[in-house]
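There are 2 protein chains.
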Amino acid sequence: MDNLPKCQANYTALTPLTFLLRAAACYANRTSVIHEGTRFTWSQTYDRCLRLANSLRSLNLATNNVVSVLAPNIPAMYEMHFAVPMAGAVLNTINTRLDAKNIATILRHSEAKIFFVDYEFVPKARDALRLLMDNNKNNPTNQQHNTFSHSLPLVIVIDDINSPTGIRLGELEYEQMIHHGNPNYVPETIQDEWSPIALNYTSGTTSEPKGVVYSHRGAYLSTLSLILGWEMGGEPVYLWTLPMFHCNGWTFTWGVAARGGTNVCLRSTLACDIYRNIALHKVTHMCCAPIVFNIVLEAKASERRELKHTVEILTGGAPPPASLLEQIESLGFHVTHAYGLTEATGPALVCEWQKMWNGLPKKEQAQLKARQGVSVVTMADVDVKNLDTMESVPRDGKTMGEIVLKGSGIMMGYFKDPVGTSRAFGNGWFKTGDVGVVHPDGYLEIKDRSKDVIISGGENISSVEIESLLYRHPRVLEAAVVAMPHPRWGESPCVFVSLKKNNLNHSLKNDVTEAQIIAYCRKNLPHFMVPKMVKFMEELPKTSTGKIQKFELRVMAKAFVVSENNSNNKSSQVSQNNNIGVGGYNNSEQILAVSRL
Amino acid sequence: MDNLPKCQANYTALTPLTFLLRAAACYANRTSVIHEGTRFTWSQTYDRCLRLANSLRSLNLATNNVVSVLAPNIPAMYEMHFAVPMAGAVLNTINTRLDAKNIATILRHSEAKIFFVDYEFVPKARDALRLLMDNNKNNPTNQQHNTFSHSLPLVIVIDDINSPTGIRLGELEYEQMIHHGNPNYVPETIQDEWSPIALNYTSGTTSEPKGVVYSHRGAYLSTLSLILGWEMGGEPVYLWTLPMFHCNGWTFTWGVAARGGTNVCLRSTLACDIYRNIALHKVTHMCCAPIVFNIVLEAKASERRELKHTVEILTGGAPPPASLLEQIESLGFHVTHAYGLTEATGPALVCEWQKMWNGLPKKEQAQLKARQGVSVVTMADVDVKNLDTMESVPRDGKTMGEIVLKGSGIMMGYFKDPVGTSRAFGNGWFKTGDVGVVHPDGYLEIKDRSKDVIISGGENISSVEIESLLYRHPRVLEAAVVAMPHPRWGESPCVFVSLKKNNLNHSLKNDVTEAQIIAYCRKNLPHFMVPKMVKFMEELPKTSTGKIQKFELRVMAKAFVVSENNSNNKSSQVSQNNNIGVGGYNNSEQILAVSRL
Numbered sequence: 001m002d003n004l005p006k007c008q009a010n011y012t013a014l015t016p017l018t019f020l021l022r023a024a025a026c027y028a029n030r031t032s033v034i035h036e037g038t039r040f041t042w043s044q045t046y047d048r049c050l051r052l053a054n055s056l057r058s059l060n061l062a063t064n065n066v067v068s069v070l071a072p073n074i075p076a077m078y079e080m081h082f083a084v085p086m087a088g089a090v091l092n093t094i095n096t097r098l099d100a101k102n103i104a105t106i107l108r109h110s111e112a113k114i115f116f117v118d119y120e121f122v123p124k125a126r127d128a129l130r131l132l133m134d135n136n137k138n139n140p141t142n143q144q145h146n147t148f149s150h151s152l153p154l155v156i157v158i159d160d161i162n163s164p165t166g167i168r169l170g171e172l173e174y175e176q177m178i179h180h181g182n183p184n185y186v187p188e189t190i191q192d193e194w195s196p197i198a199l200n201y202t203s204g205t206t207s208e209p210k211g212v213v214y215s216h217r218g219a220y221l222s223t224l225s226l227i228l229g230w231e232m233g234g235e236p237v238y239l240w241t242l243p244m245f246h247c248n249g250w251t252f253t254w255g256v257a258a259r260g261g262t263n264v265c266l267r268s269t270l271a272c273d274i275y276r277n278i279a280l281h282k283v284t285h286m287c288c289a290p291i292v293f294n295i296v297l298e299a300k301a302s303e304r305r306e307l308k309h310t311v312e313i314l315t316g317g318a319p320p321p322a323s324l325l326e327q328i329e330s331l332g333f334h335v336t337h338a339y340g341l342t343e344a345t346g347p348a349l350v351c352e353w354q355k356m357w358n359g360l361p362k363k364e365q366a367q368l369k370a371r372q373g374v375s376v377v378t379m380a381d382v383d384v385k386n387l388d389t390m391e392s393v394p395r396d397g398k399t400m401g402e403i404v405l406k407g408s409g410i411m412m413g414y415f416k417d418p419v420g421t422s423r424a425f426g427n428g429w430f431k432t433g434d435v436g437v438v439h440p441d442g443y444l445e446i447k448d449r450s451k452d453v454i455i456s457g458g459e460n461i462s463s464v465e466i467e468s469l470l471y472r473h474p475r476v477l478e479a480a481v482v483a484m485p486h487p488r489w490g491e492s493p494c495v496f497v498s499l500k501k502n503n504l505n506h507s508l509k510n511d512v513t514e515a516q517i518i519a520y521c522r523k524n525l526p527h528f529m530v531p532k533m534v535k536f537m538e539e540l541p542k543t544s545t546g547k548i549q550k551f552e553l554r555v556m557a558k559a560f561v562v563s564e565n566n567s568n569n570k571s572s573q574v575s576q577n578n579n580i581g582v583g584g585y586n587n588s589e590q591i592l593a594v595s596r597l
Numbered sequence: 001m002d003n004l005p006k007c008q009a010n011y012t013a014l015t016p017l018t019f020l021l022r023a024a025a026c027y028a029n030r031t032s033v034i035h036e037g038t039r040f041t042w043s044q045t046y047d048r049c050l051r052l053a054n055s056l057r058s059l060n061l062a063t064n065n066v067v068s069v070l071a072p073n074i075p076a077m078y079e080m081h082f083a084v085p086m087a088g089a090v091l092n093t094i095n096t097r098l099d100a101k102n103i104a105t106i107l108r109h110s111e112a113k114i115f116f117v118d119y120e121f122v123p124k125a126r127d128a129l130r131l132l133m134d135n136n137k138n139n140p141t142n143q144q145h146n147t148f149s150h151s152l153p154l155v156i157v158i159d160d161i162n163s164p165t166g167i168r169l170g171e172l173e174y175e176q177m178i179h180h181g182n183p184n185y186v187p188e189t190i191q192d193e194w195s196p197i198a199l200n201y202t203s204g205t206t207s208e209p210k211g212v213v214y215s216h217r218g219a220y221l222s223t224l225s226l227i228l229g230w231e232m233g234g235e236p237v238y239l240w241t242l243p244m245f246h247c248n249g250w251t252f253t254w255g256v257a258a259r260g261g262t263n264v265c266l267r268s269t270l271a272c273d274i275y276r277n278i279a280l281h282k283v284t285h286m287c288c289a290p291i292v293f294n295i296v297l298e299a300k301a302s303e304r305r306e307l308k309h310t311v312e313i314l315t316g317g318a319p320p321p322a323s324l325l326e327q328i329e330s331l332g333f334h335v336t337h338a339y340g341l342t343e344a345t346g347p348a349l350v351c352e353w354q355k356m357w358n359g360l361p362k363k364e365q366a367q368l369k370a371r372q373g374v375s376v377v378t379m380a381d382v383d384v385k386n387l388d389t390m391e392s393v394p395r396d397g398k399t400m401g402e403i404v405l406k407g408s409g410i411m412m413g414y415f416k417d418p419v420g421t422s423r424a425f426g427n428g429w430f431k432t433g434d435v436g437v438v439h440p441d442g443y444l445e446i447k448d449r450s451k452d453v454i455i456s457g458g459e460n461i462s463s464v465e466i467e468s469l470l471y472r473h474p475r476v477l478e479a480a481v482v483a484m485p486h487p488r489w490g491e492s493p494c495v496f497v498s499l500k501k502n503n504l505n506h507s508l509k510n511d512v513t514e515a516q517i518i519a520y521c522r523k524n525l526p527h528f529m530v531p532k533m534v535k536f537m538e539e540l541p542k543t544s545t546g547k548i549q550k551f552e553l554r555v556m557a558k559a560f561v562v563s564e565n566n567s568n569n570k571s572s573q574v575s576q577n578n579n580i581g582v583g584g585y586n587n588s589e590q591i592l593a594v595s596r597l
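Top to bottom, those sequences are chains A and B.
Straight run, no breaks: the first sequence in full-length UniProt numbering ends on number 597.
Straight run, no breaks: the second sequence in full-length UniProt numbering ends on number 597.
To be clear, the hints were calculated from the coordinates, so they are not data collected in a lab.
Keep in mind that the hints are not guaranteed to be accurate.
One copy or two, either will do: identical chains are not told apart, so a pair holds if it fits within one copy or between any two.
[To be verified] Only pairs whose alpha carbons sit at most 27 Å apart, straight line, appear in this in silico DSS-like list of lysine-lysine:
1. 558 - 113
2. 500 - 547
3. 431 - 6
4. 385 - 6
5. 547 - 6
With the sequences and hints as input, model every part of the structure.
Have a look at this one:
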């Protein structure tokens, strides 16, 4: 029975490209993409992608060549998610918040052959290309070593009716490419679903950026998983508040096509644009980091529109704080919390809501919703393990272990990094580096990044737990807790906080004191977890993707030493060592400067 | 980039077995299965399946051996959908409506090693085994030719607290198997997703039963497709009105696990049980053929319960007639129409509802809903083609062609039938044998089985189109149209109808006349499509799965000849040729006898 042969009719490569083919066939006249005055149907989007793919091939692009893109959430960015793989190439969307140096690094590492640049990012791209050119010149020996040498990619600018003139970079323009392409182009057949479709560089909170490679198979399965996990029904109207350069928009670039929905593009996440588009196009779904909740909540009255229907939000990156949840849901949004990482093709866990929770008090509901949840359906297995023994932790909501994943939605590996790849995989699992627990009901909750665990007197302290408490303090806007050296306990928690804006006129020092924060923690935490030091900053340092840069905070904290007489937890008095090491900061002015990086 | 190696962490075989593993991890304490007083959680179902799989292995069951089951929709039947493949074997669920001879044929052809029999079907199974034994005895030469010889399978009876005593067949009993199994059994790893999980024999409306083989991959993808196509959300409560032996319950055996839902089992589809279970367990979803609508609608007042919530119905097998749709939906059911076939692992098309249709008159809505719809998302492509040229028909809703499918949800092939398999596949497509059109909006509509097309004077006549009209006649209960020989036009349509019960006391002849039916058709159809002959039957002959046996009607129709003077469509008078051929029937008594087959 197992010798029945595969044939073209019963064995087709799993690829998100079929979602577009199907959308063009089944939903031909439905609106696929809206961007201000521009509107396409699925039939048109398919036609445009075929043309673009054909034009790319005519530029001698070869199979598995990389095509990089630096663009916001505009129709071109959406189309490239199909057109680039339809040309047999690999899509590399670059985080637009990166600086020229980082972009040059990515272009070099990915060996991009073509580089699409939105007009808005032409200056940054020009700088990046200059760095790339200089690097090539300064390293003539690299010419012989393919790994480090790189000829400049061919640049194609994405123009816009709103673009100022004179920003051209190179001769080619996106719409011209579409215009000159052949709509009868027959796309490259994906012979092997285990072939690359996308290359995404991690933002690197804890290490150097890594090139994460997705297969067609993985992208396909993850896309279906998320539609299922979020229960995104038919005819969704999806607002692009999440950058498409984040794990290909958590796969919803492909997912909206799978559902025959409508993509509402957004050049930037301004509150007025979010509200306007929701009202105008009856948006049903959007994804975003919790930071976008703040944008929505802080909108001026003139920018706001009343929501006439529920808008589903899928959020991730950080658990949504309870107060933020309550506020955003009171406006008519409904929030689902997901957890994932670039290596897992976006969300790997979704906090699936259970009907029996509807009757619980709001506060408990928020706590349940802040958990990371259960695995998406195409994940073969998810577990929390003691990595030394590879044993699963008990489902007690207390015992911590590392979250490990396996399934066809996990990346193929890191590009040109066999050591990093084999470090990430081990014993048949992908190791997330996140530390969590399993609750008795099977829901996972993250307690920390493994690097963020503070080991104090042999006890593991979860920095996330202290942070959660700090976020509940009425005056705290942002909080991060890292390890600082401690003469007696080895490490102890060091707190960095920024305070809420409305009291900015007050002196930082006089607003809330370090002693008050520590007293607040003592009241609410086990003694061993109480921080020994609190530093106030105007804003915490963040990565380009908005994640708090614990790495930088750790450098600062290393420079602090708690005086031994405070180690008995009886006093909140701390002293600051003047012997600041490399990268350290010895006064609040410098700390504030860092925060603006 | 394409040389990144697969590993256990990022490449796992797609198999529905992961849905159970995941349900046990994520929804451990949720109710998995309810059957009258019996109730299990997902954790218990997983435990029971592990035990059963272990017991099966201990019976020396080898990988890819077939395990046959003759049982209604009871918990054991559900569990075997996981336990049998967890033991590395292939599940063969047998249609309980088949007779002993057909069952023996299936047991012989599948070479079943184990045969599970529900107590209710022990007499039938005993007869089947006797036939199998006799066949073995009578064909001693077969012992040397593996294809036709078959030692008897090991029989395991599924007992029940309600079963009468003394019906045992063999020594083994299902619950004992579970009881003695080891819950720490490590299931067989599915190394290759292109390996068989199930073997389903087609009911054969037009030909001999064929053994359709599903792969783990195909079953997995089809399961996800249907959850998506039907938009089955979280925590479904699924009532088993569709036999699990139909394409493994259109994949919802596996799908309810994927959703962490609850299976409400039903031993038989009595109206009182359907209403009672819906009310008691707050059923949200059920699948069924339109015939079940009749059961629900014809329920006595005492059997009915008011629906307090909408129950989603997925229906297929035949387009739901408009009047039936309106009646069933007025009770609180909401119907979605799907189209599929055993070879496509159940539904391949779903008539996805579009919001803009909500404003249309009910009649138009019913017409739209009766269309077969758009491909499920994991189907790589669906088309309607002229098989001679392999060109797609225009999307005009008129031009007919054969519906062809491709995708990983299509069967691996027919078991031990390479000729049949290669006939079904050709030019990279699976040929459904169904004739349809594509409407301008991309929705497919079936006009006929390719064998059911009547070619009259060079014109193709869709028998389905005439049947649809006949079903709208107030007195018609069932209708089937087949080709009959015609001296001038080659073929002409011959109608078989049964009339509604409430007038059964009337003479069949005097109730509605042939002339009236033909006049009704003339009023509503193009002239060339008007039937030349109408035969009244008490009930149309059906297959064990309730499909009208057009094959038998065609045999009868062959015996009829329209007199040439009626071939100009001016008269509805027809004469019946007495020269009845083999298998023909020359009077209404014989026709009525046939209808009770």
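Cross-check of the supplied hints:
no.: 1; hint: 558 - 113; in the structure: neither (42 Å within a copy, 68 Å between copies)
no.: 2; hint: 500 - 547; in the structure: within (18 Å within a copy, 70 Å between copies)
no.: 3; hint: 431 - 6; in the structure: between (34 Å within a copy, 16 Å between copies)
no.: 4; hint: 385 - 6; in the structure: between (38 Å within a copy, 22 Å between copies)
no.: 5; hint: 547 - 6; in the structure: neither (46 Å within a copy, 31 Å between copies)
The structure does not agree with the numbered hints 1 and 5 stated previously, though it agrees with the rest.
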